[in-house]
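Undergrad: First to last, the protein sequences are chains A and R.
Here the first sequence stands for residues 862 to 1236, numbered as in my numbering.
Here the second sequence stands for residues 2 to 285, numbered as in my numbering.
These aren't lab readings, by the way, just hints derived from the structure by calculation.
Everything numeric in this text was worked out from a predicted model, so none of it was measured.
Wrong hints could be hidden among the right ones.
Pulled a few chain A residues facing chain R out of the computed Cβ check, cut under 10 Å [what the hints assert, rightly or not]: (1) Gly900; (2) Leu905; (3) Ser989; (4) Glu1019; (5) Lys1117.
Computed footprint of chain A on chain R; a stretch qualifies when at least three of its residues, placed anywhere within it, have a C-beta under 8 Å from a C-beta of chain A [to be verified]: (6) 6 to 17; (7) 146 to 159; (8) 162 to 173; (9) 213 to 219.
From the three backbone atoms N, C-alpha and C, an ideal C-beta is built for every residue, glycine too.
In case you want the letters, here they are:
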Amino acid sequence: MQRLWLLVMVAMVVLGLGLSEARAAEEIKIGAILRLSQGASDGLPAKRGVEIAVKEINAAGGINGKQLKVIFEDEKDSAPASVAAYQKLVSMDKVKVIIGPMMSGNVLAVAPLAQRDKIVIVTPNGTSPKISDAGEYVYRGCTRIDKQAASLTKYAKESLKTTKPVILYSNEPYGKGCNDLFTKCFAELGIPVISTESFMVGDRDFSAQLTKLKQKPFDLLFIPGYLQETAPAISQARRMGITAQSMGVFGDMAPKYIELAGKASEGHINCSEYDEDYNTPTNKKFKDAYYKIVKADTKEPNNAMFAAITYDMTRLVSTAIATKGGAPDQMRGYLDTVKDFDGVTGKLSFDNNGDVVKQGVYIFKVVKGKYVKVK
Amino acid sequence: MLLQQLVNGLAAGCVYALVALGYTMIFGILGIVNFAQGEIYMYGAFGAVLTLAATGNLVLAIVAGIAAACLVGVLLERFAFRPVRGMHPLIPLISAIGASIFLSSLARLIFGPEDRSFPMEFHPHSYQFFGAEITELQLVIILVSLALMVMLWLFLNLTKHGKAIMAVAMDSDAAKLSGINVNAAYVTTFLLGSAMSGVAGILMAMYYNATAPNMGLLPGLKAFSAAILGGVGSIPGAIIGGLVLGVAENLGAAYLSSHFKDAFAFIALVLVLIIRPRGILGRQ
Chain A
862 MQRLWLLVMV AMVVLGLGLS EARAAEEIKI GAILRLSQGA SDGLPAKRGV
912 EIAVKEINAA GGINGKQLKV IFEDEKDSAP ASVAAYQKLV SMDKVKVIIG
962 PMMSGNVLAV APLAQRDKIV IVTPNGTSPK ISDAGEYVYR GCTRIDKQAA
1012 SLTKYAKESL KTTKPVILYS NEPYGKGCND LFTKCFAELG IPVISTESFM
1062 VGDRDFSAQL TKLKQKPFDL LFIPGYLQET APAISQARRM GITAQSMGVF
1112 GDMAPKYIEL AGKASEGHIN CSEYDEDYNT PTNKKFKDAY YKIVKADTKE
1162 PNNAMFAAIT YDMTRLVSTA IATKGGAPDQ MRGYLDTVKD FDGVTGKLSF
1212 DNNGDVVKQG VYIFKVVKGK YVKVK
Chain R
2 MLLQQLVNGL AAGCVYALVA LGYTMIFGIL GIVNFAQGEI YMYGAFGAVL
52 TLAATGNLVL AIVAGIAAAC LVGVLLERFA FRPVRGMHPL IPLISAIGAS
102 IFLSSLARLI FGPEDRSFPM EFHPHSYQFF GAEITELQLV IILVSLALMV
152 MLWLFLNLTK HGKAIMAVAM DSDAAKLSGI NVNAAYVTTF LLGSAMSGVA
202 GILMAMYYNA TAPNMGLLPG LKAFSAAILG GVGSIPGAII GGLVLGVAEN
252 LGAAYLSSHF KDAFAFIALV LVLIIRPRGI LGRQ
């Protein structure tokens, strides 16, 4: 009798395994490495972007009849954690394509492995110029920081008539890179940066730096960094009586920035990858879906730009799998040749380095607590 | 500019001092370093910000913030420290670090990852004196901190409960023998230390207009340094340590380079410890 039970159980387990195998075969798995704990205010919107895309694709019948499934891993704002997440996705989940990581340093850590294993990785917002040369399996969904710098500094010169800029940057790879690049771009336009100060990630007190900057008159305060620091920095600057025009990078493009900086955000200039009023049916559908999620939960961070980029990248990847097949080289065959893909961040193509090509960088200005496109 | 930087340093230093008081009191009485002090500070800030957003009543919000900080402090004492009391000193240390990670992750789950603004705008009014400017908020921070420090000193030296705490800090066995409720003294210490950190958290939530689950990390480290700088266990030491640290990093940033602002705080710490290993006012 006992033996019979054993037999029945073994049979059930085998059957069960077989069934789950069969179910797995009807799925296409892709990976995502996003900032889900540290920096989750950027990473969660990015995750929502992926989820909205997946939901739409699956509702429309999936990819050639197979359901798309995304396995999310946490980037933890660290290169070793990103590499570990990559290895888990590739060796255990056997994914062939990964959306992420989000930060440049982590992309550069993962890229050599992706290149070796021939796995496609698509970073939504790593802006470092070095990513262009990181390998042919590495793609990116946003504009390189040097192109953002070129258009912002040009705007500063031509429209803001800036002659005496100062820079207050975040002392980590991103902010430091911005400082170097913008100093160079301003110099090329014949505008010398008159003084430079920096702050640490996590700092909330900028009075020492601002007091020092106030010693020499300036007409543009450029603060590259993450909004958790840049917003309190500008509000402190205004409280200390600094009236110069303020300018920031694309991380400042978030309702949170205006909320944290309050009235101090008025007149602030920053670039962005996404224009909410981009008038296409795809964008309208995306916006409705995204704001439904944001409104449903008060804790949900609101940043349509980060969601928009991953939404586009997920759709690009799934179209690549649908039209050319799920092997990395087949996907590359699609991504390298795609022309004017109907994305919400613009009409998308990729250049020879795997960098996205679109209409250029938008520039926004805060007017009465709202972002208004000025270019 | 010197005077201006001194004012800036003093405002930052007062907050370090408040949190450092928590470290130093708990160390003085229990001989352990409570690495979760920065998290208590953060819960204080969240308590106030959420209550203010819900009710619009500033007084109620401040009370709620302090209450939240005290609650976290008492729970910490009960669940993270009491079970490991008397064990090898490394064990409460690990327990404290674990509690710190747990508390900040919990905050991220409950409150969400985003920075929150303070739901009330303050007038950017400022006073001029000798060419320096002090904003109303800076003035409030300095005055409130100093008042709290004086009150703490009075409590410890003039009241029965305060004297009981001092006695336990000197020798807990002897205190027990003379009929002092040692457990009650521990809880009171945690309550006081947490309340100070909670007030510091609320003041900073107002001043920087940003409250986030990871806001306690850096002030926690700096306040810990301030406590060591002043001499761990010494209450006036923690106050002096906090002020010295705040002023040192602001002057360093002003006259040397702001790229190393945080480093100056720790350089000051190292220098003091080389010259005077037990801290400015530390006991032998």
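Undergrad: Next, verify each hint and record whether it holds.
TA: Status of the hints after comparison with the structure:
1. Gly900: holds, 8 Å
2. Leu905: Given a least distance of 7 Å, the restraint on A:Leu905 holds.
3. Ser989: violated, 21 Å
4. Glu1019: violated, 30 Å
5. Lys1117: Cβ of A:Lys1117 sits 6 Å from chain R, so the hint holds.
6. 6 to 17: Our answer is that it holds, as 5 residues pass the Cβ test (under 8 Å) against chain A, meeting three.
7. 146 to 159: violated (count 0)
8. 162 to 173: violated (count 0)
9. 213 to 219: holds (count 5)
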